[in-house]
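Note that the protein sequences, when read in sequence, are chains A and B. Just so you know, we're using our numbering here: the first sequence kicks off at 7 and counts up by one. Just so you know, we're using our numbering here: the second sequence kicks off at 71 and counts up by one.
Keep in mind that the hints were calculated from the coordinates and are not lab data. A quick note: this is a predicted structure, and the numbers were derived from the prediction, not measured. Honestly, I wouldn't trust all of these hints.
As the list claims (entries may be wrong) - Label-pair ranges, simulated between beta-carbon atoms:
no. : chain 1 : residue 1 : chain 2 : residue 2 : range
1   : A       : G116      : B       : V115      : 28 to 34 Å
2   : A       : Q150      : B       : T133      : 20 to 26 Å
3   : A       : E122      : B       : V115      : 19 to 25 Å
4   : B       : F80       : A       : E56       : 54 to 60 Å
5   : B       : F80       : A       : L11       : 46 to 52 Å
6   : B       : A93       : A       : R157      : 27 to 33 Å
7   : A       : V19       : B       : S74       : 24 to 30 Å
8   : A       : G64       : B       : N135      : 37 to 43 Å
9   : B       : P79       : A       : E99       : 46 to 52 Å
10  : A       : R131      : B       : S96       : 30 to 36 Å
11  : B       : N135      : A       : K100      : 42 to 48 Å
What the hints assert, rightly or not - Here are the simulated SDA-like cross-link-like pairs (lysine to any residue), alpha carbons at most 25 Å apart as the crow flies:
no. : chain 1 : residue 1 : chain 2 : residue 2
12  : B       : K98       : A       : R31
13  : B       : K98       : A       : I145
14  : B       : K149      : B       : W104
15  : B       : K158      : A       : T136
16  : B       : K149      : A       : R148
17  : B       : K160      : A       : P55
18  : B       : K158      : A       : W134
19  : B       : K158      : A       : R29
20  : B       : K160      : A       : E162
21  : B       : K125      : A       : V129
22  : A       : K161      : A       : A118
23  : B       : K158      : A       : L11
24  : B       : K88       : A       : R29
25  : B       : K158      : A       : R74
26  : B       : K160      : A       : T121
27  : B       : K98       : A       : G137
28  : B       : K160      : A       : R29
29  : B       : K158      : A       : R51
30  : B       : K158      : A       : G168
31  : B       : K149      : A       : T84
32  : B       : K98       : B       : G116
33  : B       : K149      : A       : G25
34  : B       : K158      : A       : V129
35  : A       : K161      : B       : R157
36  : B       : K160      : A       : R31
Claimed, not checked - Computed list of chain B residues with no C-beta within reach of chain A, every gap over 10 Å:
no. : residue
37  : A72
38  : Q86
39  : A93
40  : I101
Backbone N, C-alpha and C define an ideal beta-carbon position, used for all residues, glycine too.
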Amino acid sequence: MANPLRVELGRIVGAHALGGEVRVRWFGDGPDNILDSEFVFLGERRDDPEARRYSVRGGGSGRHGEIRLRLEGVDDRTAAEGLRGCLVLVDAEKLEPLGDDEFYWHELMGFAVWTEQGESVGVVRELWNTGGHDVLVVIGERGQVLVPTARAIMKEVHRTEGRIVIDAIPGLLGEEED
Amino acid sequence: MARSLKKGPFVDPSLQKKVDRVAGASSKQVIRTWSRRSMITPDFVGMTFHVHNGKLFMPVFVTENMVGHRLGEFAPTRKFTGHATDRKVKR
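Assemble the whole structure, with the sequences as input and the hints as a guide.
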């Protein structure tokens, strides 16, 4: 089960002005979780053991899809440019809690997918945003199976067990041609 | 320019035939289609379609707020490989 300690919320794409502010391109639904954080970790990947912790001293709006962030200890442009390319990580537990029917993408990654009949479909490797319901990309013995996250299909999500139960309607798992 | 109301919504006849067959059988069979241009009509609600995006079939579960849109709008032709972020899924 994927239960990451940290979640990547953005990437530092450059420096802003001369005072040490960094430009962060955010990945998710918005930059609120970055701006509301007391501190962030900067690393090369999500599970980077050498990710460094920085206190957030302030932030503001930036270019389209970006924010400006002022970090403790980054006081000039040279230091800010040195952070270019780093992922901005926060502790997963610091994200705002969601309702019963809402899930963060990172929560669902690695969940095992089962049918209501008890057949294993595979493991969630990715999620795709399609404009309608997001789609789980499940990799298993059948190869790649795409499962929409609609309530009618994704019947149960057991967070603690890391398990999703789906209604495998005929054709969904790709075994039947229409 | 909007389509004339007189004509009604456009749905490929081949797709409409499949929809009628599934609706008539009261089954939950996934309907496979290449017809991205077909408009979603109220009788599609609750059905699941596999809409071709040029490479693979994307599953589209139709809800009421999709009525009036085209099936292709929900099967993107380009894949964005994003990060496991704070993006949310709502069932």
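Structure-based check of each hint:
no.: 1; hint: A:G116 <-> B:V115: 28 to 34 Å; result: 32 Å, holds
no.: 2; hint: A:Q150 <-> B:T133: 20 to 26 Å; result: 24 Å, holds
no.: 3; hint: A:E122 <-> B:V115: 19 to 25 Å; result: 22 Å, holds
no.: 4; hint: B:F80 <-> A:E56: 54 to 60 Å; result: 57 Å, holds
no.: 5; hint: B:F80 <-> A:L11: 46 to 52 Å; result: 50 Å, holds
no.: 6; hint: B:A93 <-> A:R157: 27 to 33 Å; result: 21 Å, violated
no.: 7; hint: A:V19 <-> B:S74: 24 to 30 Å; result: 48 Å, violated
no.: 8; hint: A:G64 <-> B:N135: 37 to 43 Å; result: 39 Å, holds
no.: 9; hint: B:P79 <-> A:E99: 46 to 52 Å; result: 48 Å, holds
no.: 10; hint: A:R131 <-> B:S96: 30 to 36 Å; result: 34 Å, holds
no.: 11; hint: B:N135 <-> A:K100: 42 to 48 Å; result: 32 Å, violated
no.: 12; hint: B:K98 <-> A:R31; result: 42 Å, violated
no.: 13; hint: B:K98 <-> A:I145; result: 23 Å, holds
no.: 14; hint: B:K149 <-> B:W104; result: 18 Å, holds
no.: 15; hint: B:K158 <-> A:T136; result: 13 Å, holds
no.: 16; hint: B:K149 <-> A:R148; result: 21 Å, holds
no.: 17; hint: B:K160 <-> A:P55; result: 31 Å, violated
no.: 18; hint: B:K158 <-> A:W134; result: 12 Å, holds
no.: 19; hint: B:K158 <-> A:R29; result: 24 Å, holds
no.: 20; hint: B:K160 <-> A:E162; result: 13 Å, holds
no.: 21; hint: B:K125 <-> A:V129; result: 22 Å, holds
no.: 22; hint: A:K161 <-> A:A118; result: 13 Å, holds
no.: 23; hint: B:K158 <-> A:L11; result: 17 Å, holds
no.: 24; hint: B:K88 <-> A:R29; result: 51 Å, violated
no.: 25; hint: B:K158 <-> A:R74; result: 23 Å, holds
no.: 26; hint: B:K160 <-> A:T121; result: 20 Å, holds
no.: 27; hint: B:K98 <-> A:G137; result: 22 Å, holds
no.: 28; hint: B:K160 <-> A:R29; result: 30 Å, violated
no.: 29; hint: B:K158 <-> A:R51; result: 21 Å, holds
no.: 30; hint: B:K158 <-> A:G168; result: 17 Å, holds
no.: 31; hint: B:K149 <-> A:T84; result: 36 Å, violated
no.: 32; hint: B:K98 <-> B:G116; result: 9 Å, holds
no.: 33; hint: B:K149 <-> A:G25; result: 37 Å, violated
no.: 34; hint: B:K158 <-> A:V129; result: 19 Å, holds
no.: 35; hint: A:K161 <-> B:R157; result: 20 Å, holds
no.: 36; hint: B:K160 <-> A:R31; result: 24 Å, holds
no.: 37; hint: A72; result: 21 Å, holds
no.: 38; hint: Q86; result: 14 Å, holds
no.: 39; hint: A93; result: 14 Å, holds
no.: 40; hint: I101; result: 6 Å, violated
Going through the hint list in order, the structure does not satisfy hints 6, 7, 11, 12, 17, 24, 28, 31, 33, 40.
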